[in-house]
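Student: Residues per chain are reported as follows:
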Amino acid sequence: DQQVKQNSPSLSVQEGRISILNCDYTNSMFDYFLWYKKYPAEGPTFLISISSIKDKNEDGRFTVFLNKSAKHLSLHIVPSQPGDSAVYFCAPRVYNQGGKLIFGQGTELSVKP
Amino acid sequence: DSGVTQTPKHLITATGQRVTLRCSPRSGDLSVYWYQQSLDQGLQFLIQYYNGEERAKGNILERFSAQQFPDLHSELNLSSLELGDSALYFCASSGGIGGSGNTIYFGEGSWLTVV
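So the protein sequences, as listed, match chains A and B.
Per this note's numbering, the first sequence starts with residue 9, numbered consecutively.
Per this note's numbering, the second sequence starts with residue 39, numbered consecutively.
No lab work stands behind these hints: they were computed from the structure.
Quantities reported herein were computed from a predicted structural model and do not represent experimental measurements.
One or more hints might be untrue.
What the hints assert, rightly or not - Cross-link-like lysine-lysine pairs, in silico, DSBU-like; alpha carbons within 35 Å at most:
| id | chain 1 | residue 1 | chain 2 | residue 2 |
| --- | --- | --- | --- | --- |
| 1 | A | K79 | A | K62 |
| 2 | A | K64 | A | K120 |
| 3 | B | K47 | A | K76 |
| 4 | A | K62 | B | K95 |
| 5 | A | K79 | B | K95 |
| 6 | A | K64 | B | K95 |
| 7 | A | K76 | A | K64 |
| 8 | A | K13 | A | K76 |
| 9 | A | K13 | A | K64 |
| 10 | B | K47 | A | K62 |
| 11 | A | K120 | B | K95 |
| 12 | A | K120 | A | K76 |
| 13 | A | K120 | A | K79 |
| 14 | A | K76 | B | K95 |
| 15 | A | K13 | A | K79 |
| 16 | A | K76 | A | K62 |
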């Protein structure tokens, strides 16, 4: 069963515009939601996280929104830059199971100059 | 650079063989995690150790085992290898049990190819 779904395998955005990456989950036993960025043949790089008791967290160009009632979160990147082109993973952390993360399938973001 | 070091970066071995992947966590981090990324399964949690003790377990096969040593480095042992074990194996680390500042840092991964 897929507890975490990133329904868009890919997204293409013009440089300077907003990128919105979405993630849906079914499990209510997540206490933190992390976003990672990954380039081919490299390890995931941590971007930003949000606690399950918050609805928004912002860090520079990156903002994550959490809608608990809809079990949905989104990552906004504004303005998008060509260097943001990568695969983005939503990775909720399972409550009370150490640091176990459940990764979504990823969304490949392409930012065109 | 995340500060998590994995060796070897690439490994090719035959079916039925056994390999050991090694991970050095970031300085001061007590938790080590192992993840497997395969084409069909995506990134899957295997196991976590905290200060030498097993803390959480995922879908780790019985043919696989891991340990964390007193100096906090960790090894993932994969035995009786099958073609389907070919994957990218990531090690990650964090300061506390669940992540220092809720952040878990990943290494560059070890590419395992079973032929």
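Student: All hints, please: hold or fail.
Tutor: Here is how each hint holds up against the structure:
1. A:K79 x A:K62: Holds, at roughly 13 Å.
2. A:K64 x A:K120: holds (27 Å)
3. B:K47 x A:K76: violated (39 Å)
4. A:K62 x B:K95: holds (28 Å)
5. A:K79 x B:K95: At roughly 25 Å apart (the allowed maximum being 35 Å), B:K95 and A:K79 satisfy the hint.
6. A:K64 x B:K95: Answer holds: A:K64 to B:K95 is near 30 Å, not above 35 Å.
7. A:K76 x A:K64: holds (11 Å)
8. A:K13 x A:K76: Status holds; Cα separation ~15 Å.
9. A:K13 x A:K64: holds (20 Å)
10. B:K47 x A:K62: violated (38 Å)
11. A:K120 x B:K95: violated (41 Å)
12. A:K120 x A:K76: holds (32 Å)
13. A:K120 x A:K79: holds (31 Å)
14. A:K76 x B:K95: holds (26 Å)
15. A:K13 x A:K79: Roughly 11 Å separates the two Cα atoms, so the pair holds.
16. A:K76 x A:K62: With a Cα-Cα distance of about 9 Å, the restraint between A:K76 and A:K62 holds, given a limit of 35 Å.
Hints 3, 10, 11 from the earlier list are contradicted by this structure; the remaining hints agree with it.
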